[in-house]
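Chemist: Please take these sequences and the hints and turn them into a complete structure.
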Amino acid sequence: MPYSETAREEQPRTPSLTIDALGKKCPIPIIWLAQRIGEVPLNAVVAVLADDPAAYTDVPAWCRLKSHPHVGTYELPEGGWSIHVRRNY
Amino acid sequence: MLSAVEHSAVLHAAGVHERDGGAVSAVGVSRTGAVRVDAFAEAVAVPGTALACLQTANHEVGTLQPVAEVAAACREAGVPLLVDAAQTAGRLPLPEGWSVLTASAHKWGGPPGVGVLVVRKGTRFRSPLPEDEREGRRVPGFENVPAIVAAAAALRAGLAEEHEQERLSALVDRIRRTVPRVVPDVEVIGEDEDRAPHIVTFSCLYVAGEALLTELDKAGFAVSSGSSCTASTLRPSHVLEAMGVLTHGNIRVSLPRGASAADVDRFLEVLPGIVRRIRQEAGVSS
Chain A
19 MPYSETAREE QPRTPSLTID ALGKKCPIPI IWLAQRIGEV PLNAVVAVLA
69 DDPAAYTDVP AWCRLKSHPH VGTYELPEGG WSIHVRRNY
Chain B
19 MLSAVEHSAV LHAAGVHERD GGAVSAVGVS RTGAVRVDAF AEAVAVPGTA
69 LACLQTANHE VGTLQPVAEV AAACREAGVP LLVDAAQTAG RLPLPEGWSV
119 LTASAHKWGG PPGVGVLVVR KGTRFRSPLP EDEREGRRVP GFENVPAIVA
169 AAAALRAGLA EEHEQERLSA LVDRIRRTVP RVVPDVEVIG EDEDRAPHIV
219 TFSCLYVAGE ALLTELDKAG FAVSSGSSCT ASTLRPSHVL EAMGVLTHGN
269 IRVSLPRGAS AADVDRFLEV LPGIVRRIRQ EAGVSS
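Quick mapping for you: the protein sequence lines, in order, are chains A and B. Per my numbering, the first sequence starts with residue 19, numbered consecutively. Per my numbering, the second sequence starts with residue 19, numbered consecutively.
It is worth saying that the hints were derived from the structure and are not from the lab. Mixed in with the good hints, there may be bad ones.
Unchecked claim - Using 35 Å as the maximum straight-line C-alpha spacing, the simulated DSBU-like pairs for lysine-lysine come out as follows:
hint, chain 1, residue 1, chain 2, residue 2
1, A, K84, B, K139
2, A, K84, A, K43
3, A, K43, B, K236
4, B, K139, B, K125
5, B, K236, A, K42
6, B, K236, B, K139
7, A, K84, A, K42
8, B, K139, A, K43
What the hints assert, rightly or not - Not the full set, but computed from the structure, chain A residues with beta-carbon under 8 Å of chain B:
hint, residue
9, L67
10, P71
11, Y107
As the list claims (entries may be wrong) - The following residues of chain B were derived to be distant from chain A, with all beta-carbon distances above 12 Å:
hint, residue
12, L173
13, F239
14, T265
The beta-carbon is built from N, C-alpha and C at its ideal position, and this holds for glycine as well.
Modeler: Here is the structure:
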């Protein structure tokens, strides 16, 4: 899977902000991420909760395009993922 | 075994094989959609591999596949290679090294319903269709000869237009270079140079592909989004997923034979305003 190349080998750290986009179709999870990543301090982590299959690919792709590191993607027990992004600038 | 970005027709055939108790393995691709030759060579060398499949060019992003290198690996492993030439037959020279080659007449302007199956001498081949005595047991029933003749005539006519593919390729180049300049937050996808002459794909951040399609349609442009063949499933395109690129806000432009430079210029003129409007409606300032 392409995303694993950018995933870091580290413990999932407690996100400073969690965006609940469960049940929302792409591009909404990414729009919300772009709108709110500025709310956390530099180097803090934002978690996007999403269950649209497109988010699994698109959040890491957004990270690559916008130069914010994709920390990792973790499966949620109730389905979907928590996708962690570190604010880089 | 096959690449992860084959056409859904090939994937569905692989699915039938799996349902019949067979196994299928898929090899990943680079960010531009080209299959990884090393991984392909490794997978094809797995004992018991019966068939390898690879497209000449990807149907969604246009990237040319390294067919010659993969064919060499298949030859070394003694595994026959099926090459799906649907995207490039009639546009580019056929690659070397295939055992079985397929193409579809409607892709080069021939009638739909006519396909091409070329089986190289010495390749073990048995049709999955019910056998009867016609066409060396390859196709049951009576062929549609007028359609087949029309397919051949269309192929000949296309090949006679010597510089058409170069002309289309230059227009694709114009789209590839212009879109990132006039639309913010856009990713042009696939290989810049090693690509089919007529296909270009890009993804716009924060935009729903369907909204783009609707607005472009109103402006007089029939383009595609994501995977045209599986769009009804609401799954993101398996091709874009395998490449790890944006799957939303995706637009694929396929230039038909005779597409004019003026049409391409008008497309590039209307696109930035359409993307801006959709983003504004979604509350995104870019």
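Chemist: Run the structure past the numbered hints and jot down the numbers of the failing ones, going up.
Modeler: Numbers 1, 6, 8, 9, 11, 14, in rising order.
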